[in-house]
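2 protein chains.
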Amino acid sequence: MQNSESEDEMDSPDGPGSSHIPPTIYVIKFHQGTAREAVEWLIERIEAKNKYGGAELLVRCEPQKQGQEFSVRDLDQFLYPGQTLDMVLTPAEREYCVRHQLEALRAKQEEGHVPGHPSASLFPGQSIIGVYLAEGLITDMLPIHDRQALDILSSQWYKAIYQGAPFGKSGLPPTPLPLPPRTEEGGSEGSQDNIKDKPRHDPSPYTEKIRAYFGEAVAMYFSFLGFYTMALLLPAALGLLQLVLSVDTLTEHALFAAFNLIWVTILLELWKRQCAGLSYGWGTLDRQYQLQATRPNYLGRMIQNPITGRYEPTYPAWKTKSKLYMVSAPAVSVCVVLALWVMVGAFWAEEQLVDWRRSYGSIAGVFTHVPSAFYAALVWLMNYYYKKLATALTDWENHRTQSEYDWHRVSKLVIFEFVNNFSSLFYIAFYIQDTDMLCSQVATMLIVTQMINHFQEALLPYVVKKAYAQFETQVLIQLREHPLTAKLFEEAVRPVNNCPLEEEPVPVLALDAKDPRITQAKEEADLDPYLDTYDDYLEMFVQFGYVFLFSSVYPMAAFWAVLNNILELKTDAFKLCRVFRRPRVKKVGSIGVWQGAFELLGCVAVMTNCALLCLSPRVRTLAPAASSVEWVLLFVLLEHIIIAAKVALMWLVPNQPLWVRQALEKITYQSKLALKNERGKKTRRHLSRRFRSVHGMPRSGSRSRGTTPVAQNGGVRHRSPHRSDY
Amino acid sequence: MQNSESEDEMDSPDGPGSSHIPPTIYVIKFHQGTAREAVEWLIERIEAKNKYGGAELLVRCEPQKQGQEFSVRDLDQFLYPGQTLDMVLTPAEREYCVRHQLEALRAKQEEGHVPGHPSASLFPGQSIIGVYLAEGLITDMLPIHDRQALDILSSQWYKAIYQGAPFGKSGLPPTPLPLPPRTEEGGSEGSQDNIKDKPRHDPSPYTEKIRAYFGEAVAMYFSFLGFYTMALLLPAALGLLQLVLSVDTLTEHALFAAFNLIWVTILLELWKRQCAGLSYGWGTLDRQYQLQATRPNYLGRMIQNPITGRYEPTYPAWKTKSKLYMVSAPAVSVCVVLALWVMVGAFWAEEQLVDWRRSYGSIAGVFTHVPSAFYAALVWLMNYYYKKLATALTDWENHRTQSEYDWHRVSKLVIFEFVNNFSSLFYIAFYIQDTDMLCSQVATMLIVTQMINHFQEALLPYVVKKAYAQFETQVLIQLREHPLTAKLFEEAVRPVNNCPLEEEPVPVLALDAKDPRITQAKEEADLDPYLDTYDDYLEMFVQFGYVFLFSSVYPMAAFWAVLNNILELKTDAFKLCRVFRRPRVKKVGSIGVWQGAFELLGCVAVMTNCALLCLSPRVRTLAPAASSVEWVLLFVLLEHIIIAAKVALMWLVPNQPLWVRQALEKITYQSKLALKNERGKKTRRHLSRRFRSVHGMPRSGSRSRGTTPVAQNGGVRHRSPHRSDY
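Which chain is which? The protein sequence lines are A and B, in order.
Residues 1 to 726 (the UniProt record's numbering) are what the first sequence spells out, left to right.
Residues 1 to 726 (the UniProt record's numbering) are what the second sequence spells out, left to right.
With the rest of the complex left out, here is chain A:
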């Protein structure tokens, strides 16, 4: 069978006159060896009505198309004035809906295996697309860009020189991109600082635009990046000031360090509040939201959920927990210890080589950097395999929701990354105790490494891709057409023709061969997928560590971090719009495990900074009279005071702004009232039935004798105070 591409799309209403081809949302690429029945069966299911277990989407093969019916025909009756149907769902929502429909295709009782592939067995309730992907019947499945919306977004976003959103009011022109609806009405000022307690129903319009196209997870990342960069401005300014004034007294050193460490807590607490505001508006804050979403790859027996009463795949929590504590935690520990050993080994080898050079002269000099290079390569390798291990372990732990899964996977990765990124700095700071070396290391990491990163992650892939495309169009096509080399290309295409199903095409309407969406789908399929925001957050995490862990010896860190982040905002935006495939929309309610990771880093920073100040010989000269023990105890005391202040701050600042708390409580209150009313109605119905039966049937009089006259004048109504207080 040929390399067939089916495209699933959500249609704008096909009312009178709307004969234009609706944009393609999803591309599915089948394997060449996939049986014809398997393809036909899947397409049939995708096109089937929802009530028959289908996804109600339109399918067109290459060349072809399809659009979802979606019952939107009469929706315009309910639109606001000036609203068109294109505005009802954002590009992100379209992607989410189509993917959800595709993933929700479940095998039925009678469907034992994929037609044409008896080895690909299906269990009732299993995700069909999942099986196709696992069996390799579908080789690729990708959402493709909405070029028009993307162009509008990118022209306002990374192409704009001054990016208003995260830094203040943005005076951008109104855009045809539909903004997702918000639960409450509110002002639209764009300032990001959420320090005041006023309701901020509408955050930066930028965040909303990003959310409209890329979904919640990406919008949350950019919101965090903007917020964090803003919050760094103050330490950056103080760091510059310290450099300019070149102060050198114990008090000022300690004060600057203490300020930084408290500031970390304040910024993380304020972020938590802003984040709660955002996710409230997005409808992802609620715990109830978690109840709905079982992860597609979650395995379990179908058991009645004690909360919702629905039958759901359920896996015993104790099994997940024992896997976590008995296997995953020890495995992670072993890896961490291994990474530490490798780091210490690299330092030891370098030391040996330096000694060797001293003895044998500069002949050995060329080798002194071999251990560093070797170590760097080893870290890269370890990271690569550890990532696989962490993912496998987390898969095996079998967490129910996506957010739990992400939490456990990312926390495993973060622990390892922490060791890889910071252990050598800790070694320099506290074992070698060389402050100058530490400073230069931190500076190198912050300035050089991060700049290289920008180039690597965004510009380089783009340039390579462009160059390759150039090469392809100019060289390959000529080669293909040249009589001498044309045969080579034919050779490569031949195996496709061996497929027995090639002769008769799959009965799906074909798109026009020159349809732009076919070129687009092919182009975008060549790009790398943007899996998640993990790498972006990790970059911030590492930077956060450089800035705060060693801020007492290198106060300029914050300044460089700010410069880097301003560039990061641009390159990340560019990367998302141009370098990667369109990311899958992911709904998130917070930055997840990163919040805790940053907070933990903030606590570790208190210890490292106190220890650095305590060790610093310059600071030590300020109090030469104190004994060593007194000196150590002074810094232990300082550390305890700062940590106590941090804990008190975390505890005093509410995690959600007042308006969010009130809104949540209001919903809870109204829900409880509604439940009370519902139960009240039931009880009333029950009681009035009983009342009627007591008075209608004289046989039951023996039970109610003596009370009947009273019950008659208030039997039912009098019960209400008792009923209403459960």
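Think of the hints as simulated: they come from the structure by calculation, not from any bench.
Identical copies carry no separate label here, and so any pair may be met within one copy or between two of them.
Below, a list of computed lysine-lysine pairs in the DSBU-like style, where the Cα atoms sit at most 35 Å apart:
(1) Lys587 x Lys272
(2) Lys681 x Lys587
(3) Lys586 x Lys51
(4) Lys666 x Lys319
(5) Lys681 x Lys586
(6) Lys586 x Lys682
(7) Lys108 x Lys681
(8) Lys682 x Lys587
(9) Lys676 x Lys49
(10) Lys676 x Lys108
(11) Lys522 x Lys49
(12) Lys108 x Lys672
(13) Lys514 x Lys575
(14) Lys666 x Lys49
Assemble the complex: chain A is given as a structure, and chain B must be docked to it using the hints.
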């Protein structure tokens, strides 16, 4: 006017044959000078129907009685087989209902002042009883015991030699005391250890019996006391073991201390879970419960509550917060510093006297204990005035709910008590560094002081009261009747007769003069009121501190604490049943601020124990090679590890047992569903109206043209997926 006593009661049903006088629940004592109109007006209001702003309670004056109607006449129709009306409400619930009704008597618009007392002005919505109490028109208001229920309870409780409940299965006979209903069915085994994760719907039947008579706050205290005593058994056993084996190595010392410190966290976490289970059953766990109860003394303008939409007194939160941070916090700090100065001063004075004795011989010896005695007296005085200050400050801060008020008042008190109780021990441990003195101090406090406390708080007042009663009946009556001394007593009674309203009695039915409830009311009015559980928790807090703060130098502390607590369970029960007035029922959902106070003490204990071990010369000899700085750093490291383990434990153990979490989520889920249904119905109604208007009235056809045919075959039903996802 005479010393009139009105008694408010809740009646059992006055059906045929129930002509017995219902038990008295509440006694109100008017001041002699209270105007007759004021008394009559209040009684009128108390007896009035609820819909006219009354409390619907019966009033009888001395001699007299009154019972609430409560619409319970036909309630027996809905009783379970074998259930009688007396079982429907527990004694605690009766007290709560009657007090609630009395406190809910609010002044109406037209009532400017109390009749007969123009100076006692009333604002609309003000609590009438509150004004009477504040103006001194009512001198006393007390609930009186239900003697029958009390006798049954006490025979099973403090009179039983082996008190089964908190220590294991209790084989007690069934009791006629009505047990409050529980939300879920469950087993009735009485073991208190909640370590396993199984649903514990029915905690110790004891706790429920205490709750049935004394209410939630007292039951929670006894549940905590039992749990805490059980949890102490393990450290007590280990302490004994250490004494018997007289181990003395660093490892064992450190291990015992570390175990104790981790055990504190485990026990507090497990208690939190048990507590959540209890309060779930009691209906006080829910946050929603808080919404309902505005404290009677809360002042504020009537503003619409943003959550419930009801008009409620509201006081700006920022005012409360600024009062808290600007005034209360500094005031508390000043008091704490003052207390520290007094403590240091006392030690300094004692030292001076010891020096003086050395110089001048034993003549001065008698004075060496003067500073201690003086300090003890000063602490008592400081406590007395500080308590007043703390209460006044908290009143002034004006917290909305009773639990917030309690939290802020008790936290102020706990800080001060911490300083008073432990600062001298800290001084001995870390300034004087005398381990033997520390040991003997802790032992004295734990054994002698606590024993004296038992005697003081329960037995002494009882003995004094009994002796006085004896004295009164045997001596005073004779004196009163003796011609020589009778005049003295007449003199004392005379001012009553000067009251102009004496002549005509208040128009309230009188009880029989020899009615036992009159004697009972008079007897109980003489008793001291049991204000709250504060003193009882404080005792536990101080003991907890002695046991854990210094457990590495005095491991036997836990053993003595267990012995003391077993006695405490008895004396506290006796105190509540016999020594004090019947306590007012208070609903609580947790032990409130004490949970945090105990947890904080657990953290401080890590620091003190590490420091004590570090200072101990015996432990120091175990590693003579280590330098001082290394030695200190070793213990700093140990401290950090233990604190990290504690934090990890607190974070890993869920605060509520699984069954409570599931039950709460189920309620939330059902509530949200109910709200969805309610809103769905409204939308459906709205849409079908609109649909009808669109199709009924041709004029609106211009808006819906082209969509009408589609809307007809599914206009309303098709909307449901959109409606359901808010």
